[in-house]
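Line by line, the protein sequences are chains E and V. The first sequence begins at 1 in the UniProt record's numbering and counts up by one. The second sequence begins at 1 in the UniProt record's numbering and counts up by one.
None of these hints come from the bench; they were simulated from the model. Hints may contain errors.
[Claimed, not checked] With a straight-line Cα cutoff of 16 angstroms, these simulated EDC-like cross-link-like pairs (lysine to aspartate or glutamate) come out:
1) E:Lys92 <-> V:Glu319
2) E:Lys15 <-> E:Asp320
3) V:Lys15 <-> V:Asp311
4) V:Lys92 <-> E:Glu106
5) V:Lys15 <-> V:Glu319
6) E:Lys33 <-> E:Asp57
Computed from a predicted structure; not experimentally measured.
For reference, the chains in residue letters:
Number of protein chains: 2
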Amino acid sequence: MHVLIIGAAGMVGRKLTSALLEAGGIGGAPIEKLTLADVVAPNSPDTTIPCDTLAADLSAPGTAGRLVADRPDLIFHLAAIVSGEAEADFDKGYAINLDGTRFLLEAIRQEGTKEPYCPRLVFTSSIAVFGEPLPAAIPDDMAHTPLTSYGTQKAICELLLADYSRRGFVNGIGIRLPTIVVRPGKPNKAASGFFSGIIREPLNGMEAVLPVDESVRHWFASPRAAIGFLRHAATLDTTPLGQRRTLTMPGLSATIAEEIAALERFGGTAATGLIRREPDETIARIVAGWPQNFDARRALELGFAAETSFDDIVRAHIEDEMGGMTARA
Amino acid sequence: MHVLIIGAAGMVGRKLTSALLEAGGIGGAPIEKLTLADVVAPNSPDTTIPCDTLAADLSAPGTAGRLVADRPDLIFHLAAIVSGEAEADFDKGYAINLDGTRFLLEAIRQEGTKEPYCPRLVFTSSIAVFGEPLPAAIPDDMAHTPLTSYGTQKAICELLLADYSRRGFVNGIGIRLPTIVVRPGKPNKAASGFFSGIIREPLNGMEAVLPVDESVRHWFASPRAAIGFLRHAATLDTTPLGQRRTLTMPGLSATIAEEIAALERFGGTAATGLIRREPDETIARIVAGWPQNFDARRALELGFAAETSFDDIVRAHIEDEMGGMTARA
Numbered sequence: 001m002h003v004l005i006i007g008a009a010g011m012v013g014r015k016l017t018s019a020l021l022e023a024g025g026i027g028g029a030p031i032e033k034l035t036l037a038d039v040v041a042p043n044s045p046d047t048t049i050p051c052d053t054l055a056a057d058l059s060a061p062g063t064a065g066r067l068v069a070d071r072p073d074l075i076f077h078l079a080a081i082v083s084g085e086a087e088a089d090f091d092k093g094y095a096i097n098l099d100g101t102r103f104l105l106e107a108i109r110q111e112g113t114k115e116p117y118c119p120r121l122v123f124t125s126s127i128a129v130f131g132e133p134l135p136a137a138i139p140d141d142m143a144h145t146p147l148t149s150y151g152t153q154k155a156i157c158e159l160l161l162a163d164y165s166r167r168g169f170v171n172g173i174g175i176r177l178p179t180i181v182v183r184p185g186k187p188n189k190a191a192s193g194f195f196s197g198i199i200r201e202p203l204n205g206m207e208a209v210l211p212v213d214e215s216v217r218h219w220f221a222s223p224r225a226a227i228g229f230l231r232h233a234a235t236l237d238t239t240p241l242g243q244r245r246t247l248t249m250p251g252l253s254a255t256i257a258e259e260i261a262a263l264e265r266f267g268g269t270a271a272t273g274l275i276r277r278e279p280d281e282t283i284a285r286i287v288a289g290w291p292q293n294f295d296a297r298r299a300l301e302l303g304f305a306a307e308t309s310f311d312d313i314v315r316a317h318i319e320d321e322m323g324g325m326t327a328r329a
Numbered sequence: 001m002h003v004l005i006i007g008a009a010g011m012v013g014r015k016l017t018s019a020l021l022e023a024g025g026i027g028g029a030p031i032e033k034l035t036l037a038d039v040v041a042p043n044s045p046d047t048t049i050p051c052d053t054l055a056a057d058l059s060a061p062g063t064a065g066r067l068v069a070d071r072p073d074l075i076f077h078l079a080a081i082v083s084g085e086a087e088a089d090f091d092k093g094y095a096i097n098l099d100g101t102r103f104l105l106e107a108i109r110q111e112g113t114k115e116p117y118c119p120r121l122v123f124t125s126s127i128a129v130f131g132e133p134l135p136a137a138i139p140d141d142m143a144h145t146p147l148t149s150y151g152t153q154k155a156i157c158e159l160l161l162a163d164y165s166r167r168g169f170v171n172g173i174g175i176r177l178p179t180i181v182v183r184p185g186k187p188n189k190a191a192s193g194f195f196s197g198i199i200r201e202p203l204n205g206m207e208a209v210l211p212v213d214e215s216v217r218h219w220f221a222s223p224r225a226a227i228g229f230l231r232h233a234a235t236l237d238t239t240p241l242g243q244r245r246t247l248t249m250p251g252l253s254a255t256i257a258e259e260i261a262a263l264e265r266f267g268g269t270a271a272t273g274l275i276r277r278e279p280d281e282t283i284a285r286i287v288a289g290w291p292q293n294f295d296a297r298r299a300l301e302l303g304f305a306a307e308t309s310f311d312d313i314v315r316a317h318i319e320d321e322m323g324g325m326t327a328r329a
């Protein structure tokens, strides 16, 4: 099987690449070729599986056609510019997040006019498709009223994915990821960055800033769970999806207080003492508009699984990113 | 005030034009100029108000820019290719129903970069944005799972309208029309045509075919109500809409049996005797997938009003299309 990952250089893309190469196959089929694309060429992984890496701007006409010209069987489309950038640069957001995805769908359809072709396409959407007014737990049949251009672009792509799948041009499945914690690597400037920072930095003996109240509730899954979602989406029977081709992934609804309590169980007060409370009204206001909880029933019924406690999320981070050891241990 | 109607040559466009010219203004502001555009140039109305008519293909790059170059204050965007054609011709449907609307929004935004410009844009969406699984009465916060490319294109345009409005590029409002009965004119080949035909033809002493069972329930409003929706949407304070810029219009949920009973009250058994039952499984299957009832609470609270009985719908047809007289009278 030939697998194409678009957006392979990002955190999720790199972890997915490693997981696929380690497994050597997916759904019982060996991976015979892997193509890794991103706006800057991803690093070549150390593998015996034939692997192409290439720089590709999906928003440029023709790029998508070149990516699907050798008819990959399975395509992961993870590429997007993030919420803040899509809000700051209206044209760029629509060009990459909407037009890029539409070019990809259209290239797949055009490829299918030459001879039958209907690859599996796994698309990462976002809980940003949901806006106000929000119930306490967002059900699967909640209308999409995004509050950002990014959320709008993702919601539109979900509709396109469903229509192209209904018409038989592609076998598409979309997954709406929870906020991924603990993100490995350095702190970044995303408004959501502190959710990871207050675990990651203290476990490394470093200070981290908490800009919101501990009562803030949010929706989480680990990077490990995210890779599990993608792999399951790649092999799942899509027939039961009907016209609802995108699923809210399961996750953990937890407060910051619960997150800190989990940190203490792994890192003690030496770790929790490194959290510096520095209220930031701007971040607090942004975070207040975010969903806090979902009833992700459809995805659970279809076999998607996430962590059910913050201890599991912290443990996954320690095992996957810290060699199983914390600074304290 | 300068008013632009895109899609002015269609049934709704012509009725809207007449209503606006008769009133001479809208929301207390006189109409100083009217521009009527459609893919074929609309007929020039008999009026003293300055009125341009022009042929314009909104899906052609540059057309939208020319339409908004003289900065209309109020734009009605009614143009679309219908459901059956959008399903039969995938490219044409996306070109006109999606790209055309996006070109219009983008042209308005670009016009606003020259000097501030934020016109009211009234967009006609469709209940085709709703698909399965459907509850008995579809609420305002129901997710969009369209079962056709047409419904997909309308749902995408709703999202774009909301995002462009949120960003302050346009003051947009979308309205999802019920099935309009009684459509004036000749029978057409739309799957929904019989809903109008079984009133219109018998009242004119002509036979009409009923291809489905009398127990079929559907969602209706008169052409008169539709024009009322458009005029109200043009002047309504959009502040309370928040990010939910498109509203399901109120309508009447009624069965074919109720429709025929109303016909009998106006045309007697002479009229109902002209209905020929000729079951058509294809049409029955299509109609079975259509929504039957809505809880259009938001629109009702915002002052939109429709008929509450089929008698009112038949009466509107007789008054507006038959000079108040039926064949029997």
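Now the hints, each set against the structure:
Distance check on the hinted pair: E:Lys92 and V:Glu319 sit about 53 angstroms apart at the alpha-carbon level, beyond 16 angstroms; violated. Note on E:Lys15 and E:Asp320: the hinted pairing holds, with a Cα-Cα distance of about 10 angstroms set against a maximum of 16 angstroms. Note on V:Lys15 and V:Asp311: the hinted pairing is violated, with a Cα-Cα distance of about 21 angstroms set against a maximum of 16 angstroms. A threshold of 16 angstroms between alpha carbons decides the hint, and for V:Lys92 with E:Glu106 the separation of about 14 angstroms falls inside it, so the pair holds.
At roughly 14 angstroms between alpha-carbon atoms, V:Lys15 and V:Glu319 fall within 16 angstroms of each other, so this suggested pair holds. Taking the CA atoms of E:Lys33 and E:Asp57, the gap is near 21 angstroms; set against the 16 angstroms cutoff, the hint is violated.
When each numbered hint is compared with the structure, violations occur for hints 1, 3 and 6.
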